[in-house]
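Relying on the hints, combine the two individually framed chains into one complex.
Chain by chain, the residues:
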Amino acid sequence: KNEVEQSPQNLTAQEGEFITINCSYSVGISALHWLQQHPGGGIVSLFMLSSGKKKHGRLIATINIQEKHSSLHITASHPRDSAVYICAVQGAKGGADGLTFGKGTHLIIQP
Amino acid sequence: NAGVMQNPRHLVRRRGQEARLRCSPMKGHSHVYWYRQLPEEGLKFMVYLQKENIIDESGMPKERFSAEFPKEGPSILRIQQVVRGDSAAYFCASSPGLPPMSYEQYFGPGTRLTVT
Numbered sequence: 001k002n003e004v005e006q007s008p009q010n011l012t013a014q015e016g017e018f019i020t021i022n023c024s025y026s027v028g029i030s031a032l033h034w035l036q037q038h039p040g041g042g043i044v045s046l047f048m049l050s051s052g053k054k055k056h057g058r059l060i061a062t063i064n065i066q067e068k069h070s071s072l073h074i075t076a077s078h079p080r081d082s083a084v085y086i087c088a089v090q091g092a093k094g095g096a097d098g099l100t101f102g103k104g105t106h107l108i109i110q111p
Numbered sequence: 112n113a114g115v116m117q118n119p120r121h122l123v124r125r126r127g128q129e130a131r132l133r134c135s136p137m138k139g140h141s142h143v144y145w146y147r148q149l150p151e152e153g154l155k156f157m158v159y160l161q162k163e164n165i166i167d168e169s170g171m172p173k174e175r176f177s178a179e180f181p182k183e184g185p186s187i188l189r190i191q192q193v194v195r196g197d198s199a200a201y202f203c204a205s206s207p208g209l210p211p212m213s214y215e216q217y218f219g220p221g222t223r224l225t226v227t
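Just so you know, the protein sequences line up as chains A and B, in that order.
Take the first sequence: its letter number 64 is residue 64 in our numbering, and every next letter is one higher.
Take the second sequence: its letter number 61 is residue 172 in our numbering, and every next letter is one higher.
Please note that a few of the clues may not be correct.
Partial selection, computed: residues in chain A whose CB lies under 8 Å from chain B [stated by the list, open to error]:
1. Ser24
2. Val27
3. Ser30
4. Ile43
5. Ser45
6. Thr100
7. Phe101
8. Lys103
9. Gly104
No lab work stands behind these hints, which were simulated from the structure alone.
Predicted model only: the values in this text are computed from it and were never measured.
From the three backbone atoms N, C-alpha and C, an ideal C-beta is built for every residue, glycine too.
Here chain B stands alone, though its shape is the one from the complex (with noise of 0.2 Å):
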């Protein structure tokens, strides 16, 4: 049962361009987390995703950053228009979404993202 797979695991791009990160998460797990970690920061929630919906996008920046789960495929974290204050690594983690595991969160090995 392969784990968390995040590509690509790291992201150059320059400022102004957008940048796609994706999350497969693990088998049967329909719930996706997305996490932020700044440079020399803690780690931030983002965005909590199933299948088809957007729970709850309380942690996303309001402009640029958009998140999905289709029914089919990877959940994608999409940055439009990247600056340089984006650059960080970005985690997604995975959770079965079913008591009694259901807050069991497997998280992924990070996209490091570096805006130039």
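Chain A on its own, in the form it takes in the complex (with noise of 0.2 Å):
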């Protein structure tokens, strides 16, 4: 079974500060997913990887398979990214394995 952990679980920054949050998992993986969650509100797909580095306007995702590690970055942070951003596993099986989340971190950019 995967356990997935995630840091910080919460993060208070200033607009425009260069965000990190962090993804550790302990099994092999198919593909890791970033999303996104605001307070009440539907889940986002951010990024899903399975080697390398993607970039999506202000958002790069990275992942370094033999570390077992992501890191998801914001540049130029805003109020609007507020929200809860998680970190899911796709186990080896790919499509036939359902996510493994971590618990979240709860990000908040003051203006």
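Written as structure tokens, this is what we have:
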């Protein structure tokens, strides 16, 4: 069973700061997902990674398969980035595996 | 192309009643996953279905919970004789199930179940 750990649990930063959220997992995976959830809201898939790095706008996600570690970066953070960011991993069976989730990182960006 | 749809968005049930949650996957997606998010807890996998087949139900409680994904129509998560502990947000996600996109999961808006 995969254990997914995220850090930090809570993060408060000022608008414009560079944000890093980390995720580590214990067992080999087929893919890693970064998700965003606003309070009381739905879940938006930000990235799915199996290797390397992906960038979308101000968001960057990286993964190191050997170290079983991924990071989500937000550049030039904005109050609208305030949300819970969740790391989730998909097991070795790929699509046949449901996701295993971290507990999430509560991010608040103050103006 | 409409996204994943779930209904109802909010559902209130009294203890002992049945709850039926519906999930319509994205067009062309034949794989559905159900997840539960208990208050102040993380998301947990419940069940993975393909059309007319349950592939993995290892996350489903052994009693009162069932899921189906018929040939026609939405996937249904059914909770019989609900108890207060069933109050949670239930999310479904759909996937095309075909490489290389087979790992992509698209989430619905969720159904928030409250048991009174």
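Hints that the structure is at odds with (numbers, increasing)
1, 2
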